[in-house]
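As they're listed, the protein sequences go chains C and W.
When we follow the working numbering, the leftmost residue of the first sequence carries the number 1, and every step to the right adds one.
When we follow the working numbering, the leftmost residue of the second sequence carries the number 1001, and every step to the right adds one.
Because the hints were derived from the structure by calculation, they are not lab data.
Note that CB positions come from ideal geometry on N, CA and C, so glycine has one too.
Hints are not guaranteed to be accurate.
Unchecked claim - Some, not all, of what chain C presents toward chain W, calculated at C-beta under 10 Å:
id, residue
1, Leu54
2, Leu76
3, Gly81
4, Ser87
5, Ala88
6, Glu97
7, Ala98
8, Glu100
9, Phe102
10, His126
11, Ala130
12, Leu149
13, Arg153
Said to hold, decoys possible - Only pairs whose alpha carbons sit at most 20 Å apart, straight line, appear in this in silico EDC-like list of lysine to aspartate or glutamate:
id, chain 1, residue 1, chain 2, residue 2
14, W, Lys1006, W, Glu1018
15, W, Lys1006, C, Glu97
16, W, Lys1006, C, Glu100
17, W, Lys1006, C, Asp104
18, W, Lys1006, C, Asp91
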Amino acid sequence: MGEPVVEVHQLCKRYGERTVVDHVDLEIAAGEIVGLLGSNGAGKTTTVECISGLRRPDAGSVRVLGLDPQVDGSTLRTLVGSQLQDSALPDRLRVAEAIELFRDPRIQGSRAAVDGLLVAFGLAEHRRRAFSALSGGQRQRLFLVLALLNRPRLVILDELTQGLDPAARRDVWDAIRSLRDGGTTVLLVTHYMDEAEALCDRVAVMHGGRVLDVGTPARLVDRHAPWATVRFDMTAGGVPIDCLRAVEGVSYVRQAGAQVEVRGDRQMIAHLCCALVRGGEVPADLSVVMPDLEEAVIALLAGSDERALEPTGGAR
Amino acid sequence: MSAIVKLVRTELRLVLREPLVLAFVFAFPIITVLVIAGSFGADDAHSFANVDPSQWYVASYLAVVIAAVGLVMVPVHLAGYRERGVLRRFAAAGFPRWSFAAAELIVGVTLTLVASVVLLLVASAAYGLPPIDSPVTTVAGVVLGAVAFTSVGLLLGALMPNARAAQGVGLLAFFPSFLLGGGGPPPDAMSSTLRHVANVLPLTHVTRAIRQPWLGLGSGMGDLAVVGAVLVVSAFGWRRAIRL
Chain C
1 MGEPVVEVHQ LCKRYGERTV VDHVDLEIAA GEIVGLLGSN GAGKTTTVEC
51 ISGLRRPDAG SVRVLGLDPQ VDGSTLRTLV GSQLQDSALP DRLRVAEAIE
101 LFRDPRIQGS RAAVDGLLVA FGLAEHRRRA FSALSGGQRQ RLFLVLALLN
151 RPRLVILDEL TQGLDPAARR DVWDAIRSLR DGGTTVLLVT HYMDEAEALC
201 DRVAVMHGGR VLDVGTPARL VDRHAPWATV RFDMTAGGVP IDCLRAVEGV
251 SYVRQAGAQV EVRGDRQMIA HLCCALVRGG EVPADLSVVM PDLEEAVIAL
301 LAGSDERALE PTGGAR
Chain W
1001 MSAIVKLVRT ELRLVLREPL VLAFVFAFPI ITVLVIAGSF GADDAHSFAN
1051 VDPSQWYVAS YLAVVIAAVG LVMVPVHLAG YRERGVLRRF AAAGFPRWSF
1101 AAAELIVGVT LTLVASVVLL LVASAAYGLP PIDSPVTTVA GVVLGAVAFT
1151 SVGLLLGALM PNARAAQGVG LLAFFPSFLL GGGGPPPDAM SSTLRHVANV
1201 LPLTHVTRAI RQPWLGLGSG MGDLAVVGAV LVVSAFGWRR AIRL
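Next up, chain C with everything else stripped away, as it sits in the complex (with noise of 0.2 Å):
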């Protein structure tokens, strides 16, 4: 792992009575991808604000580049860029004085590079437009390109991909691809499932302000969902369904007409084929399915959400 770019250390965060952080931990290393995840309230939105210096931590540590975000706010100014959720410009502010309003000048060949990052974003022809005249996804692409004005050494994308159609969607994570291979470290908050898997190099997954996990999106699918689960169609004199029960690592089986679906630990896949063999038939559609993030991530909240219910009382 590279120099830390984020540290995030015991923070807390409480609205009122409500506890909206709960003791998070997170490290962020430079030219790495870290995905947020979690579901509604869990907290990410408020982590990514004591990050960005939006708000004060209760109690806990946050540095960003060996800063104190509060504290050293004007210097992280261009070396942070952020996108942040339910955020806004005001409607008859041009393209390019939005441009003008948050790009450092000091920053030299900066003009040529906005130039370069509006055709990138097909923004160049729409310089005069208002924001209010913008098409959400052209909103989101503004918001991107001034989020990287100032050529940051960590980005801070807050739900940038939402209400983009697919195609906008994959523009954009090309757009992210190319920042890390440029070397930024960005930290994505994001409901997408398919986002984080495509782009992110560990996700952390929240629930309640906690933390529940970290780790590549691989490493969390092993941790969480480590089934897969095997569809064939089985003709008359094929392996009988006792038998496939009796597989090793064989969780169940359920058979619907012709269609068989079995489902077991990934060994299973293996010992499950050798018995199709044995059997003397291998069904030409036999297909693995193996479980994605999105799973992996539910079954994590499910399980979270069963601690919790126990009667000794808490997630941990």
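We have chain C; now place chain W onto it with these hints.
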């Protein structure tokens, strides 16, 4: 270029694109002063401290501009920005939390002064410009009144939950202030109850702080002190109340 200069430049451009601002800050005072200053003849001077009514109103209407900026434009603008998340975006981009309020203060005062000049140009063409008895005190009244009412506007904008509420409360504060505090009938034409109400309105003191030294009706220093107190209290209030 500092954050404040950038914000001021941008905000000045934006407020001049706002129909509400153009209507309330520029058109409304001009139209009403042209109508009301022409509604009385020289024979009515006894109700106007023996001053020509048109001159009385020309000297009074700068306060109407000040009230339009402070009670309508600034609160709606600030509350709308907070409601829509514009303040969050500015803060996330590294603009210090106080910089928007400071920029708004500068924009409010600048706009007041520009609109006042436009008003005086139009009014002087129609009715002539009354001679200024004490220019320094008069200018002090205009500037302090503009700063104080913009500050009141920031306080209202910080307290109101959204732009619609700010507009409602702002208009509710503006019209009584306008009618009783300088733009309506002269105090001598009011009932004693209305005179008492007028005397507690901050705009009445702004109007007097400008009109008295301008027309030579008094020093206006007492009113200037009240306006200064309004500034201190409102500035203390919005510094505590302003949020993203």
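Quick rundown of the hints versus the structure:
no. : hint                  : result
1   : Leu54                 : holds, 6 Å
2   : Leu76                 : holds, 7 Å
3   : Gly81                 : holds, 8 Å
4   : Ser87                 : holds, 4 Å
5   : Ala88                 : holds, 5 Å
6   : Glu97                 : holds, 6 Å
7   : Ala98                 : holds, 9 Å
8   : Glu100                : holds, 8 Å
9   : Phe102                : holds, 5 Å
10  : His126                : violated, 17 Å
11  : Ala130                : holds, 8 Å
12  : Leu149                : holds, 9 Å
13  : Arg153                : violated, 14 Å
14  : Lys1006/W - Glu1018/W : holds, 19 Å
15  : Lys1006/W - Glu97/C   : holds, 10 Å
16  : Lys1006/W - Glu100/C  : holds, 8 Å
17  : Lys1006/W - Asp104/C  : holds, 11 Å
18  : Lys1006/W - Asp91/C   : holds, 17 Å
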